[in-house]
Amino acid sequence: MKAIKYLSVLALSLFTATSCMNDFDEPDFKEPPFGNNEIGEANTTIADLKAEYKSTISANGAKEVTDETIIEGVVVANDETGNVYKQFIINDETGAIIIGVNDVGLYATLPIGQRVRIDCKGLHVGGYGYMAQVGGLYEGSIGRMGKSVFPKHVRLIGAPDKTQPEMTPEVIDESFFTNENKDNLAKFVRLENVEITEADGTALWAPEELAYNNVVERHIKMGKTNLVLRMSTYADFANEAMPDGKLNINGVLTRFKDYWQFVISSTSDIEQIAE
Amino acid sequence: MVKLSEFALFMSLCFACITGVNAQGQSTKDGLIKQPPARQLYADTLLNKDAKVDNVITISDDNNESYTFSEGQLGDDDDYAGTTAMVSSNDDYFLSEVGYLFSPMRFRIRAYESMYNNVYANGVMLNDAERGQFSYGMIGGLNDATRNKEGATFLEHNRFGFSTIGGASNINMRASQYAAGNKMSLVGCNRNYLARLMYTGSTGLMENGWAFTASASYRWANEGVIEGTFYNSLGYFLAAEKKINDQHSISIATWGSPTERAQQGAATEEAYWLAGSHYYNPNWGYQDGEKRNARVVNSFEPSLLLTWDYKINDDMQLTTSLFGKYSMYSTTALGWNGNAADPRPNYYQNLPSAAYDVWDLEYTPTDDEYNDYMTRYNYWKASKANRQLNWDYMYFANSQANAVGGECLYYVERRHNDQLALNLGSTLNIEYNKSNTGTIGLNLGTTKGMHYKTMSDLLGADKYTDIDKFSVGDFGPSSDYVQNDVDNPNRQIKEDDVFGYDYDLYVNKANLFYQHQFNKGIFHLFAGANVEGTTMERYGHMRNGRAMEFSKGSSGTAYFLGGGAKLGMVFTFNAYNTLSLGAGFENRAPIAYNSFIAPRMRNDFVQGLENENIFSAEASYRIAAGPVTAKFTGYYTMLNDLVEQNAFYNDLQSQFTYLTMTGVNKVHYGVEAAIVYNVTSALSFNAVASVGNAEYTDNAKGFLISENEKVVMNDKVYMDGVKVDGTPLTALSLGVDYNVNGWYLSANVNYYDDIYIDASKYARLESVVGKPVIDATTGKEVLNLPSQFKGRGDFMVDASIGKSINLRGGKRLNINLSLNNILNNQKMITGGYEQNRGDSYADGEARTYKFSKNPFLYYANAFNAYLNIGFRF
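Protein sequences, first through last, are from chains D and H. The first sequence begins at 1 in our numbering and counts up by one. The second sequence begins at 1001 in our numbering and counts up by one.
None of these hints come from the bench; they were simulated from the model. Please note that the accuracy of each hint is not assured.
The calculated label-pair distances, taken between Cβ atoms and stated as ranges, are [as the list claims (entries may be wrong)]:
{"id": "1", "chain 1": "D", "residue 1": "226", "chain 2": "H", "residue 2": "1771", "range": "42 to 48 Å"}
{"id": "2", "chain 1": "D", "residue 1": "209", "chain 2": "H", "residue 2": "1478", "range": "53 to 59 Å"}
{"id": "3", "chain 1": "H", "residue 1": "1713", "chain 2": "D", "residue 2": "226", "range": "40 to 46 Å"}
{"id": "4", "chain 1": "H", "residue 1": "1840", "chain 2": "D", "residue 2": "60", "range": "28 to 34 Å"}
{"id": "5", "chain 1": "H", "residue 1": "1384", "chain 2": "D", "residue 2": "66", "range": "46 to 52 Å"}
{"id": "6", "chain 1": "H", "residue 1": "1777", "chain 2": "D", "residue 2": "209", "range": "50 to 56 Å"}
{"id": "7", "chain 1": "H", "residue 1": "1384", "chain 2": "D", "residue 2": "225", "range": "53 to 59 Å"}
{"id": "8", "chain 1": "D", "residue 1": "85", "chain 2": "H", "residue 2": "1478", "range": "40 to 46 Å"}
From the three backbone atoms N, C-alpha and C, an ideal C-beta is built for every residue, glycine too.
Throw the hints in and build the complete structure from the sequences for me.
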């Protein structure tokens, strides 16, 4: 029968023509498809950068970086859990600094342990509550750099690696809390044998009813010193109970005006000491 | 550097939107935006920049023979939506023309939803029992195999099944009913697909009592006219029939249309402006330099139909058909996990107008705001890649997470709506005497709908845990509440694994009907009645953490008993004047798809679920006077006690939310007219008009539940006066047809107006709208209700030219070229939707970005052509 002959020829040719149009191979990245891979070697340390802009920082001002200024550090705090928002913190052997970016989900390219270079030229350095920050200009003060500005100023170096030396926080004791040290924050530190004042085994990290501007201030008691532990209601763990008892905590020491502040980006930074 | 002129244009556009669209409940007649002088400049810029031909809802077919489903109705863009087809048993010029004529604007007859149109094959119902609609994707590309059909409107007699207000049609799939011979056709067009090859062959009824028919087609586009889309679709149809003797005939047909196609997405006017085209498609992006679309539909509904025709005697004929299908339908979508940023290029935070309130013309932006605006603007304008998805970025983010043992950030999920259906249809046609005939029929159907999602592509990620990211912030990551399946906590998901939700819907339906017609002299009477029963049940396969006690297992069964009756009369006064009158009502079960309050996670039915009530009446007059024939119809339809459901992402609560409305009442009314003036046997002019209104007549009860919540909130939805969307409520056409020496030419000028977009039910909730305020001038209480967005009314011109050539040996060649939207009107929306987000934060503070002023819009296709060459041999 003619029809069947025609049909079988057509069917055969159609089936060979029909193959999935939506198959894609995983891209193989020779260099990161994010950031500016042209940024050269670091020419300054984080401590030097803070020193250079010390007067601007302490005046809560903001100043554009006009010289070729490249810093390099490893990400020690980011927005993965939502406790840190629109910023991340990098650390080198001289100290840590906050980088403000007007974007969410920064941890996508900047996981903890990622080494980065920041080309500061064209960005601003300044102080917010006397706290040093790299970012953009916002109403004459230091703010976050724009989402589309950021990739031009960052270069990712290598794969994230949590075993790098910059990932080891400095263990500090109460003697650290001097005015001189306060002027050189941020600092990636480890607090040992401390307690969260409000923790009782059931109290939550950041319940909405206690929040002001989505922030709940908890406190860390370290000997005679009280640090503000800044917790966001947007953190994934905001409605989980705080661990009580003695703790070792890794995090970034910052300040707001004259208060010492402590920032954690995840509860995995906290270790409960067995009693 | 700073594009001040364009910025000014955007500002004036914004101004225009405010003045044009926001006048309480009104919008400008001349379209989207009222015209300050700069607006025209903007429009010109927009239209000339990307002057390529774009998009399409594909339409048209081989020839201008009898009315056929157009490709648009075959659901190229959406297997469910699209123009509804109504076929009449009479030679009704209006019904035979409008489906094709107005399909570029996705016209729906009388603005009815497609669930009110029943499609049968050999007397068994094919509509999907869960959603009530017929899936045109089921017969995609099988135009020749499904062309042979009879139809009836709601108030006409038919011999195959009970019709609802949108009418019914019955496809004849008996192998012997296809013309013997072969037909090959080739289509070239610039639409969703670029080429179609189709073959249909039939033996006709052979001397041995057998008949065979087969059809196959392939539709293809590596990239359709919309950028980033593709089309890959095969169709097959095989039928055999054996005429056993004069009384019995058995036939079998099987068909399917495995299809893979990428979709176009809607965007806001601002995004279209930035992209320089109304056909900008945000769904695709580059991966390693290649275009990849995130929204891909895969569908395949292999179907089988068995029919037994039994001629009991000269006066009684019994037709019984059994239909079964296993449909596999899935759509992919991008997902983002944890606290990853929304990857969609047109996410509102990426748009310039999120920098400051561009709608407040009194407001002067600060330098920072202005710079922010310009940075965003320049980013959009800098390259095409910036306006699209960035697949490389998403892969890279996942590889970064892999390096530190983290969770997947970006993935592609596949949402499945599979269905196993078995329907039986049996009709007995009886001729009592010369004046009286009757049809008694029974339709039984059982359907299992399987709804779940699978991991389509982890985009290189190693780790995905099946928890609800929206619940994590509320309950903490270690809580049971965040688990999508508490019985399998923290399940690790690999590609092709089921995750998120997994449930079945069981729907059983029975429908018994009787229709009678009586003819005497000038009088024709038609009467029909039916009784229907429906059961529905949800069966959950996962124990959802937010609904631990009522998500797994059976929901229990809900029963609905309904029925209806209708009566039609025709007075054929003489050969020139015919009057038809009719009315009917129907009490029918709500559709299962809308009957559960949050079907992805919970077993509970919508509160106060009850039957829908439908009443429809119409009158028409047909007149023939010399060379002019005309028919005028007026209709009035009330749809009461409907249940409707929306599901959307609620930004205010950062949750996926279901909003169900009950007690929904609507009215559809209007007039339809068709006038044909036959100047000579070769030349005729015609005019077609459909002018009507379709709107909600009352406010509705609302039930709101978010996927990370346990409690249903009751609310009120201000729906009174909201118009039915996605179809022009006014459609007019003037046309001319000319036939000579085997050539046929036709041209039409069409005018469309009153095109509304889908109103956000969320924005009309009492809890969102707030309390009434006292109007300062009138002293009356008024509500601050959003006005529904309305598209501009405008003209479109279509034409077609064809030639039929008879060759030796009875062979015939048909060539037809259809040209649509010849004036290349790129300013007409076919529909769209308002955003389900408010303009203020939870604490009442105003947002910078105005969701209420940025609806998502779809535009009608630009100029397009469709060339079809058919060869019969």
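*asked:* For each hint given before, does the structure comply? Return the numbers of the non-compliant ones in rising order.
replied: 2, 5, 6, 8
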